Structures are given as C-alpha cells and as structure tokens.
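Colleague: Letter by letter, the chains look like this.
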Amino acid sequence: MSETQPTAAMADERIKQRSRLREAMIRPELGGIVGTIAVFTFFMLFAFDSGMFNSQGIMNWSQVSAQFMIIAVGACLLMIAGEFDLSVGSMIGFAGMMIAIFSVTLGWPVWMSILITFAICIALGAVNGFIVIRTGLPSFIVTLAFLFILRGFTIYFPQTIERKTIIGGIKDVAEGDWLAPVFGGKLFPGLFNWFGEIGIVDTFERGTRAGQPVVDGLPMLIVWALLLVVFGHVLLTKTRFGNWIYAAGGDAEAARNSGVPVARVKILMFMFTAFCATVFATCQVMEFGSAGADRGLLKEFEAIIAVVIGGALLTGGYGSVIGAALGALIFGVVQQGLFFAGVESSLFRVFLGVILLGAVILNTYIRRIITGEK
Amino acid sequence: MSETQPTAAMADERIKQRSRLREAMIRPELGGIVGTIAVFTFFMLFAFDSGMFNSQGIMNWSQVSAQFMIIAVGACLLMIAGEFDLSVGSMIGFAGMMIAIFSVTLGWPVWMSILITFAICIALGAVNGFIVIRTGLPSFIVTLAFLFILRGFTIYFPQTIERKTIIGGIKDVAEGDWLAPVFGGKLFPGLFNWFGEIGIVDTFERGTRAGQPVVDGLPMLIVWALLLVVFGHVLLTKTRFGNWIYAAGGDAEAARNSGVPVARVKILMFMFTAFCATVFATCQVMEFGSAGADRGLLKEFEAIIAVVIGGALLTGGYGSVIGAALGALIFGVVQQGLFFAGVESSLFRVFLGVILLGAVILNTYIRRIITGEK
Amino acid sequence: DGHASQKYILVSHAPDSDSWWNTIKNGIALAGDQMGVEVEYRNPPTGDLADMARIIEQAAASGPNGIITTLADYDVLSGPIKDAVASGVDVIIMNSGTPDQAREVGALMYVGQPEYDAGYAAGLRAKGDGVGSFLCVNHYINSPSSTQRCQGFADGLGIDLGNQMIDSGQDPAEIKNKVQAYLSANPNTDAVLTLGPTSADPTLLALDENGMAGDIYFGTFDLGDEIVKGIKAGVINWGIDQQPFLQAYLPVVVLTNYHRYGVLPGNNINSGPGFVTADGLEKVEAFAGEYR
Amino acid sequence: MNPIIEMRDIQKHFGSVIALAGVSVDVFAGECHCLLGDNGAGKSTFIKTMSGVHKPTAGEILFEGQPMNFANPRDAMDAGIATVHQHLAMIPLMSVSRNFFMGNEPVRKTLGIPFFDHEQANDVTMEEMRKMGINLRGPDQAVGTLSGGERQTVAIARAVYFGAKILILDEPTSALGVRQTANVLATIDKVRKQGIGVVFITHNVRHAMAVGDRFTVLNRGKTLGTAKRGEIKHEELQDMMAGGQEMVQLEGSLGGTV
Amino acid sequence: MNPIIEMRDIQKHFGSVIALAGVSVDVFAGECHCLLGDNGAGKSTFIKTMSGVHKPTAGEILFEGQPMNFANPRDAMDAGIATVHQHLAMIPLMSVSRNFFMGNEPVRKTLGIPFFDHEQANDVTMEEMRKMGINLRGPDQAVGTLSGGERQTVAIARAVYFGAKILILDEPTSALGVRQTANVLATIDKVRKQGIGVVFITHNVRHAMAVGDRFTVLNRGKTLGTAKRGEIKHEELQDMMAGGQEMVQLEGSLGGTV
Ligand SMILES: Nc1ncnc2c1ncn2[C@@H]1O[C@H](COP(=O)(O)OP(=O)(O)OP(=O)(O)O)[C@@H](O)[C@H]1O
Ligand SMILES: Nc1ncnc2c1ncn2[C@@H]1O[C@H](COP(=O)(O)OP(=O)(O)OP(=O)(O)O)[C@@H](O)[C@H]1O
Ligand SMILES: [Mg+2]
Ligand SMILES: [Mg+2]
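Chains as they are written, first to last, in this note's numbering: chain S, 1 to 374; chain P, 1 to 374; chain Y, 1 to 292; chain V, 1 to 258; chain B, 1 to 258.
Since the hints were made in silico from the structure, they are not lab data.
None of the values given here were measured: they were computed from a predicted structure.
All C-beta atoms, glycine included, are put in the ideal place defined by N, C-alpha and C.
Any given hint might turn out to be false.
Straight-line Cα separation of at most 20 Å, EDC-like style, residue types lysine to aspartate or glutamate; simulated pairs [said to hold, decoys possible]:
| hint | chain 1 | residue 1 | chain 2 | residue 2 |
| --- | --- | --- | --- | --- |
| 1 | P | K238 | V | D117 |
| 2 | S | K238 | B | D189 |
| 3 | P | K238 | V | D26 |
| 4 | V | K55 | P | E253 |
| 5 | Y | K82 | P | D49 |
| 6 | Y | K7 | P | D49 |
Incomplete in silico selection of chain Y near chain P, CB under 7 Å [stated by the list, open to error]:
| hint | residue |
| --- | --- |
| 7 | D48 |
| 8 | A86 |
| 9 | H259 |
For reference, chain S alone in the conformation it holds in the complex (with noise of 0.2 Å):
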C-alpha cells in the first residue's frame, strides 16, 4: 500500500462559500467586542457632558470594571474547565472578615494575615473541589452549600469575637506593612501628578485637596484585574494547562481517558477561583478600611454573568477570559453608566437582565457558526 493515500476531497461541493470577512470576525470575543462598543458608542451620546469621560469617571467605572474583572476571571477559568462557584461572594465576605480577625483582634502582623487568609480560602476552594470530584455532585449544589456555610461562619466569627459585624481600623495597622500596599495603594503617584499639572487629568477645584489631581494613582485593584486578566489569557490559550482547562470542561470523561489529570484541573481551577475571591477581598479590605458581614453579596452571579456575557458556555468547554474581561467591562460601565446618565436607579437592574439576555443571545448565534454546533 501507498504510505500517502490520495485525499478524499471531503464534500467541497456541499459547504455553501463563507466569506472572508464574515470568517475573521467570527471568534469568541466577539460578542463581548460587540458589546463593549454599543455601550461605549450609547453612553458617549446620552451621557457624554455628565463627567463620565472625564479622567475622574473614567476612574470611576474602571475600578468597578476591575473588580468584576478579578472574580470573573477565575469564574471564567472555572467554567471553562466545567464547573460553577456559587460561594464566590460568601467567599469575598469570609476573606475579609478572616483579615481583619487576624490583623485587628488577634493584633497579628497585616502581612501574616493576608497570607494565611489566602491558605485557608485555597484550601476552602480545593474542599470545594474535592467534594466535586469525589461525590460526582453538580458544583451548583456544593458550592451553594458552601455559600450558606461561608455566609454563616462570616457573620458567626465577628460576633461572637468581637460583637460586631463589621470590624474597622485595618487602616491603622495596616500602616507601614510591606504587603498591604500591594492590594490598597495606588501605583505613580508622581505621573498622575505631573498628569494633573500639565492638565491630562482634571485638578480638585474646592475642599481638602483643592489643587491636587482627581485621580492621582493607579488602583492596585486594577492592578490586579489587568494581571489575573493576562495571566489567565496566557494561561489558557498558551500552555499545555489551558488546553486541559478546555478539555476538562468539554467532556470529562473524554478528556480522562485522553491522559489529563481532570480531577487535577478541576481541583486547581476552584482554587485559583477562591484565590481571585480572596485579591477581590483584600484589595476591598485595604482599601475601606474594613471588613464588613455583608460584603460580596450576590458577587458570584456578577461573576457569573460577566463570564457569559463574555461568551463563555456555561456547560463548560468553550469561552474566553478576554471575553470574560470585557464582559466585566461592559457590567461596570452599564452600572456606573445609568448614574451618570440620570436614570432610575431601580431599573438598573432590568437594564442588567435585558442586556444579559441579548448578550447571550448573541454570543450563542457565534458560538454555533464557530463550533458547527447543531
């Protein structure tokens, strides 16, 4: 036999032709591309003279963007690889709450609390892993259940330690601790200074700081939120991990008897997802100074919904974490947006609910040209 045995030509007569341009601007992204573009174009006419594109607002909503961005990409990462976490935002109240315990009531220094809150919430993401794995449950179920539980001890701990929910003064002895600048402080100061005096950026006009620039570093938060965002692309779409990450998510069993560590994948993915709730938490804590009971409340489904609006699949397998930043984007420039625009702030969450589901409509019409899904 031949070793090269002539091509089938496969079935050229029965693909209808696809044009170029249509093939290029088929991707993941594109949804969240799109998205980020209608937003941007709406607001710039209806909300363009009320300071949102001042440096100052453009501050405003990037920080709330970044903070998305930080959990999303974790959810992103999760998702992908197949699995849900719901005990994100009991997860962003417990890791704060743990820092503050450690740094305020038990006097700890501020640097060996946050790094051995990190420990435990990685060590709660991988239970939450483990349990995943081992009984074959649906994650929604378990991590609901650690929701409650999280939930519980965050407002339990506080008070029976201290007698309150919300313990203050992380400030005070956060001062001088080498780690804590790393999630509070803000980056350039000196820039963004000589930004304000040449007049990039916008000056204080009346109280304290009158003369000062309005925005005068960069947010670590945001920081973060490009890092993981880089970081989590890479990974992905880069390294032999990421490929596993997709693997996993596709068809577990599959992906099993291929050769990849799934359980592995999986573990690692709910950790790197407690991890990212934990940055959230400190650069939270550091930055108001405190921790409160109720802090991250219904995060886990901004997370969620900033993922798919992003173009994931939420039956795992498929998505992108650029999407998934943009789809944050998108959630924190709507949110700040309709201030700035004077609507209702009650409808903002019917705005929130329409604009998922056109997203995801969307983002499912690409999916199914791309993947020749049925």
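Following the hints, put chains P, Y, V and B with the ligands in place on chain S, whose structure we already have.
Modeller: Below, chains P, Y, V and B with the ligands alone, put in the same frame as chain S:
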C-alpha cells in the same frame, strides 16, 4: 423461524445477589423519608419542651413548610422536565406587588386583581419558557435575567407610583371579596373551636380573644400546598403527561424523536412554576395584607434546595413530587426548629449548608443504585 | 429564686448580615446578664418580612414571657403580634413603627425612633444649615424604613425627593463609585445623607477621593467606627443616633421588672433621634459598633 | 401496487451545509428497502425527513398517495412511521416500560381523566422483550442498567410494536454482537413478512444483502440509483457504497474482506 | 520473543456486576490481536484496565516483563499504550489540533516557561490527517463540525501518531462506511508492520479475519480461548462469538450472511 426464541438467560451468574429488603427500600423518596425521620427525631430530642410540638408550634412549622412546598412542587416538575427557574423569588415579589397595585392603588376589585395577576405571571412564565426553547439557551441564564428584570420592576413600579416600596391596606379592600378567602382564609373554624373546647388545641388566655383556640382553622396556605402536592404527584406518576415530563428532562432530543411534544411540555412547566409562585404570593398578600419589594428574596434557591434534598436530579429526568414535598418539610422544620432549639441564629446558614450537602450525597448514592448509573 | 425563669425574645426585621443590629444583640445580651433572664435574638435571614411574621408566631409558640419586636410593616406584623398578645405574651415594640401602632397591636409600650420623624428632624436641621438639595444613599432600598428616612429628610427640607435617592447596593466599591458618579453628574448637590455604616463608610472614602470631604454637607443615620472618625474629622456634620442599645436594653429591663414587681413606665420611650456631633465624642468613639 | 411512502427529490440544507441535494426513494409494503452509503452521505438526514424530525428544504412526500407534511415526529408516528434512530431514542434514567411507551402511552379513563395505564404498559413491555429474547429483571428496571445491545433491542421492539406501516432502522446492527445482529436481521425478516415496509440503513453489505429487497445507494447527498435484489452483485454494491474509488487497491491488500 | 504486555487473570467488579471474571491475554510486538465477543462480554472493560482507565479488582499486568500498576490513563500512555475508545475521546467544542494533542501537548520553552507549541501542533495535525485521507478546512476547525467517520479517523490518527508500543482500537469500524473501514483496516496493517502490537476489538468476523494474527474470544467475562490465524475457521469463530448457541438455526434462515 420459531415465534418465541429461546430466552437468552442474561448474565445471571455475573450479578451478585441483592436482598429483597434493600430492593424495597430503594426509591427516589428514600432520601426524603430518611431525612424527615432524622429531623423529627432530632427535634423531638432537643426541642420537645420548647413549644415546637404544641398546637401553635405545629401550625408554625407547618405553615413555613407549606410555603416551601408550594414553590417546591413547581420547581420539582420543572427540574424533572430538565429546566430551572431562578426567577421564582422575583416572581413572588412581582406578583404580590401587582395585586397590591391593582387592588389598592388602582382600586380594582380584589378578585379581578388576583385573576389578572395570575394571567400576567403565567404569561411571564410562558415567555421564560419560550425564550429557553427558541434560543436553546440554558434556563439558568434566561431566568437569571428575569430574576433581575422582575425584581427591578417590583421596586420601580411602587417607587414611581406610590413613592414607597411597600403597599399595604389590602386586607381592607379584600373585605367581602369572594376570591380573597380562597387564598387568605381558614378552613373548618368550627372544628378547631371544638378542638379548643375539648382541649386538643390550647386557647388564648387573655385579651380580646380569650377562650378562643390559638389555632382557629386550617390556613388555605396549607390546603394549597397539599392540593398542589397531590396534583403534582398524580400528574407526574399517573398520567401520560407525566411520562412526557420525565422524557423531556431525561433526553429532550430522544423524547422529541419519539413524538413527545418537548417544547410544549417545557413551556407548560415554566407556566406551572409561575402559577405556583403566584399562589405563594397571593396567599402571602392575603394573609399579611401588604406587598413589599423585598418579598421572595432567595426563594428560588430555597425551592431548588427543597427539591434537591427531596432526591431530584439537578440535570433533569429524575425525581419525585413526594420527595420534594418532604424536602420542603425538612427545610421548614429545620428552619423553625433551630429557632425553637435556641441555636444562635447566625449559625442557621451553616446548618442549612451542611444538611443540604448531606442530603444530596445520600440521595446520589440512592439514585445510583436505582438507575444503575455509573 | 426562680428569677431566671423569665425568657424574652427579640425579633428584628434585619437580614443577618446587617451590621447595625449587632448593637441590638449586644444590648439584649447585656440586659439579660444584668437582669438574670434568658434572652434570644431572632431575625429573618434574608430580611423578608413575611418570614419575620412566622418567626413572631414561632416565638409566641415557644412560650416566652415577653417578645420585643420591631413593627417594620404594620400590615404584615400586626396579626402575629396580636395573636402573641392574646396568647398571653407581653410585647414591646422597638425601633420601627409608631407609638400609635404599638398601642393598636396591644403592646405594652414603644421604644424607638420613628423613622420618618427622624428623617424629618434631620431635614429641618439641614434646612437650617442652608441645604437645598441632597443625595440619599440608600443601601437597602427593598426595605420600607429606608425610604421613609429619605422621604422624611426631603419633606423636612421642603423639597421633592425625586431622583435624589439612589439604590446603591451593598458592595462598598460600588457604593463609593456610585456616589462619585452621582456627584460628578450633579455637581451642585448640597448634601449627602447616608442611612448607616454600610453606605456611610464608602461614601466617606468617595468624598475623600473626589475632594468634597469637609466641603459638602454630610449627615448620616446610625453610628459606627468610621462614622465616628468622620464626625471627629469634621467630614460628617452629624450622625443621627437612635441609640439602638437602649432599644434593646430598656425593653428587657422594663419587661423583667414588670414581671417581677408589676411596675411599668407610664409612657413610650423615644430613644432617638439624638444628633451626635463633634462635641462629646469620646464615649461614642469607645463603643461605636458595639454599644453605640 | 402503490408505494406506502414516496419521497420525491428531497433536499435538506443545514446553514451552509447541503446535506441532501435531491433524493428520491419509495417504499412498498412488505419490502425491505436498504439505504447504503458512505459516512456523511446523508442517510440519517434523509430518514429524519421521512420521520418528521426535519422538514425538507425542498421536495415532496407522498404518503399512501397523499402529499404529506409532517410537522413533527408525532405526525409521522400517527401516520404509521416508526423509527429507530442511529443515536438511540432511549432515556437511561427512565424505566424500560416508560421508555417503551414514551410518546405512545396507553391510557385508561377514570372519572373521565385519562390516566397512564401502567399495568398494561408493564405487561406489554415484558411480553415484547421476552419475544425478542431479553429477560428483564422487571418492567421498572432503568434503561441505564441495560447493555448497549439490550437497549438497541428495546428500541427495535418498541418500533416493531408500534410500527404500523413503515419501520425505519438507522444502523441498528452497528454496535451489536453476532447473536444480537442475527436477532435483529431475523426480526426485520419477520416484520417484512407481516406486510410492513422496512427501511434499513447499514454499512455492512452482507447484512443488506441478507434481508434487502431493494438497495438505494446515497453519495454526497445524491442517489446513485436503486437496484432490486438479484439485479446487483455484492461487489458492485460495495463499489458503489465506497463511491467506486480505489477499492481495487484496498481489496487487493486485504483480500476482499471488508 | 516476549510479549510487550501480559494481562494475567484480570478480574473487574462494578458494584454488584462482575464484568471480568479472570481474563488472560498477551500481546506481542508486530501482531494484531483481535478481541471478539458478544455485547457485554467485557471487551471494553478489559482494554480499559489495560489502558489505565480502570484498576483491575484482581490480576496482574506485566509490561515488558515488569509488573505494572497503571494509576491512570497518563501512566499507560507514558508507558506506550495508545487507545481509541469505543465512545470517542474527542471533544466537539475543541479544534482538531487541540484534540489531536490533548493530554500530549507539544511544548516550547520561552523564558523557561513551557508554552503550548501551537505551530507544531497545527502542522503535525494537518499532515497526519492528510495521511489518513482527510482534508481539513484548517487545524482550528472544531471537531463538532466533522462527521462521525471523520472524527473516528482523527482519533485513530492520534493514537497511531502517539502509539509507541501498543495500539488499542475498540470497535473502530462499527460506525464507518466501506471506504473508511478499508482505510482503518489498512492502517492497522501498516501499524502492525511497523512492529507495534495492535489490539483490535470488533463484532465483524470478516474484519477480524482480514487483519488479525491471533483471536481471543470473550464470553460473559471469561476467555473462551485464543487461536492463531489459520488455526481457526471463519464459521468456528462466528460460533464462538455468539456463545455457540443456535447459530445454526439463524444461519439457515439468513444464508450465512451475518
Ligand atoms: N443538524 C445538522 N446541522 C448541520 N449539519 C448537519 C446536521 N445533520 C447532519 N448534518 C450534516 O449533513 C451531512 C449528512 O449527515 P448524515 O448524518 O445524514 O450522514 P449519514 O449518511 O447518516 O452518515 P453516517 O453513516 O456517518 O451515519 C453531514 O455532513 C453532516 O455533518
Ligand atoms: N462502569 C461500570 N459500572 C457498572 N457496570 C459496568 C461498567 N462498565 C461496564 N459495566 C458492565 O460490565 C459488562 C461488560 O461491559 P463492556 O462494556 O466491557 O462490554 P463489551 O464487551 O465492550 O460490550 P459491547 O460489545 O456492547 O461494547 C456489562 O454488563 C456492563 O453493563
Ligand atoms: Mg447516520
Ligand atoms: Mg464495548
């Protein structure tokens, strides 16, 4: 060829023997039954003299359980049909608010307000279902969008119309209405009076109602719960439509190929879930006389939890209404029982999470035995 | 001597993550210790008032000597409370509701701060200070008492509430940025009103960041660590202290003495509104979030 | 004699894919009509338009001489077309008897309400499965506990039981062992003798030759023609199924065994 | 010559089901060892213990003479066992090239970090698929857009590419058309000639006879014995696969066509 081919004695020697007792015990409701027994035993031991099992106490947890049951029946059938409804809680708030706005603000007759609300809510359920069917999106996302949209309107309408988020005075306008007692009334007052006289039920000691029984009738809430459970159970197990529900949830494609009208079944189940939510809301509004924008928060999860504790499969195709009802009972008894037992209230969520996890693991084990899943 | 046999249950309407109610918990705990009675705190986990009605029924069924409860919604709660009273349980209304409603449900007395009135008083005070427009940062818009506070403030100022109340949600970063967004879209706003520590703490930071701290008129309901610091720093003009400690502590004391010795004050007790300003802050500072 | 069903120039497009580019086939009562062809030739798509799963993009369906337009599988079933799909239409979590009657539940009226007649369903299921040579533990055994071959047999038994006029089998033997395959072929033979028209899809020329009366070969969405039993030889059929390409070469090295 | 792999008295129980009740099989380099047997005989279970998916309940595995204990499929792959499972190990949402290298991703280090070498992966995929006679639109085409036969071919191409010492194929031809089947059989032949041991599972005696060097028949979790090519006739093998039962009767009515 002979008509009756010799039977291929299938693999008898390859199946280890299983005891008859074990066969008999293994049913979908088993998890619910075991849970119910465990929960009652527990509270009998630890909260017996707290008033939990006097007539007033029984009425208390019965009413809470009945509430859960009403939404659990809808959620159960929908889940078996392979879908989810996360908008149940918002639907409850929305329905109550509609009734209040129609009857109090607009001054329409109460019966008309109730009927129109039912029509609107069932139509919204159909919209939910229609979007899920037409777009092929996961119901998680579609109903999550409705969760936000409905809650948004529930806050927005009374806010703009009445400038408050709670509308009261429904009891006054419901006076003499023929439909209101169907949701807010009580059955057999005479019987309970007699119970009071012969001492089965305690009587009030003082005040305007001294001498009357503390439980003065069977609330319609409980009647609705029982009716819906019976209806759901019969529908699911005794009718052809019930078989279609199982089939639609087990494998929609296969069911469709076998001639089951899957789209119709699913949309009807979304409508039935909306119906149950509206019954819940109407009973609540008629009993308490007011509608608030915060009614029904998180009820979607409580319904799903009850159903899952009751042994249904989150991914559809498997479950039982009786199980869901027992799940609701367990949930109600645990919730109120923890209060009776005097447990620190912030720990309630921790217990809830642990019970949920335990129940689901037990049920999974049982289901694997029944269905021979791998 | 049988004194420890009294048992009192306090039922609140707050979701269990709401930090302000912590002072209440501490108040009854302390009163319970001091009086030698058993006290319990109950609340609906999500803040659903219908669930709260069931908790009152449950509390009544468990046969305590008295129930201390809020009257967050008269329609929902009056039935269960009347039933409790009729079944022989003494009731004191605290925190929300009005003295009239308390009498109507058959309660012994009312201890608290009527929300609308408190808002109204704050509004009058702000009007005296020259405020003509404001932003009300509502972090629990679902609950009626929050709206009453904002509405009262607007009425006190003599202006329409309109769009000046925002649904801020509970995430601090979102609250902070929403406040900033509102203020930059409406730069002529004279005053900010927050409804408790949850919204006040991020608002403080927002004002600090956008440079309006100390410049814009800032009033808040309910105290907390950061609020006290804000008052001290002159960023917050006043905090309305309804003294939740008293709302929890006094009813226990009153009920215990009533049940032991049959003595009862002849009138309702208004625990607030008391305006906390930069003067005399030390005690407040020491116990904010715990007993203040 | 007129054909029971006549499919005229059926076309079916899925988005940019042309699955069927005009296929005509008819089926007579009592015959076994074999549909053969390469992977992706369009066989499954074709029988799905026949059984109401897909609507043809163009073309006409005549059922007993009347133009028909099946809106969904129910319509086709009601008209008398029973189908065993390639990817089984069985639901693993449901019991055998519920699966057996799925979409065709027997009903007994009590108080005017049509209840699912479980007793009859169970009896029929046990009986029919016994006839096919499968002893169930009980009618409430879940399909998920059956082996692939057993499931296939349930699907066929069900189709035979309800298959009024036309029985469509899409690659029923592909996953079956020798004994089960013989069983299925015997069943086809039996059904055909009862006057039912059978459409039998297979990749195995021998299986086709064993029971087929006529053979239609599809290739890339088009018919290569229909032949009667005896008119065509094994090798010719084989060549046609493979599109006539380079079979010689392969045959050579593998000794005519495919 | 020693066998590459020797499975001794393998047992496997799933809960109350005894899937394998002691099966011994060995595979030599350069031979094609056919595993035959009825549905549910335990063929898939057996090769899954061989490829590290299941741990045997009892029994011993010797790989190149050394006792081996595969903890998971990775171990087996690393030892040189490549498997094409009956239910394909392909992920529809992923591109062909990602699927091709799933679990075996080529890596290129940049700054010491091992990155997935997409370029190499794409090139290899296109080349290997071309060799198997499949022209892809591109390496990033999703597997979901391929036909069943094409997917099967990707799976086999992948296994061949990575199949260092042993290649296991579980019913690779069951869903394939004539041409694709011929292709797969030719591939088996080619692989065997390269000195790789092939384990080939099929229900089709002819396919087995075409490429097999030895034939092991399983029946209800036990071996009925192993025969060399030429030692056993087509009919005998057929009888054994069906458990020797009543084949005569069926054969009669269907003309020896199964
Ligand atoms: N729902 C669909 N959407 C898009 N393309 C489809 C759909 N169904 C089938 N196709 C395409 O139509 C063509 C014919 O598919 P079909 O399943 O009818 O082939 P077949 O002859 O049954 O093949 P096999 O022998 O492998 O079962 C294939 O190219 C397939 O990918
Ligand atoms: N994971 C599992 N859990 C329980 N039983 C199983 C499992 N896997 C296989 N079995 C059972 O073990 C037996 C052998 O199954 P196996 O899949 O090995 O058969 P096979 O020879 O491959 O059959 P086929 O030719 O139909 O593919 C069957 O009775 C099957 O139901
Ligand atoms: Mg096919
Ligand atoms: Mg097999």
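Colleague: Hold the hint about Y/H259 up to the distance rule: shortest CB distance to chain P must be less than 7 Å.
Modeller: 14 Å, violated
Colleague: For the pair supplied as a hint, P/K238 and V/D117, is the alpha-carbon distance within the 20 Å limit?
Modeller: 8 Å, holds
Colleague: Would the pair V/K55 and P/E253 pass a check requiring their Cα atoms to be no farther apart than 20 Å?
Modeller: The hint holds at about 16 Å.
Colleague: For the pair supplied as a hint, Y/K7 and P/D49, is the alpha-carbon distance within the 20 Å limit?
Modeller: 14 Å, holds
Colleague: Does Y/A86 pass the interface hint, meaning its C-beta sits closer than 7 Å to a C-beta of chain P?
Modeller: 4 Å, holds
Colleague: Can the restraint linking S/K238 and B/D189 be considered satisfied, given a maximum Cα separation of 20 Å?
Modeller: 37 Å, violated
Colleague: Below or equal to 20 Å on CA atoms is what counts here, so check P/K238 against V/D26.
Modeller: Violated. P/K238 to V/D26 sits at ~41 Å, over the 20 Å cutoff.
Colleague: Is the straight-line distance between the alpha-carbon of Y/K82 and that of P/D49 20 Å or less?
Modeller: 24 Å, violated
Colleague: Closer than 7 Å between Cβ atoms is the bar; does Y/D48 clear it against chain P? Give me holds or violated.
Modeller: It holds, given that the least Cβ distance between Y/D48 and chain P is near 6 Å, below 7 Å.
Checked against the numbered hints above, the structure violates hints 2, 3, 5, 9; every other hint is satisfied.
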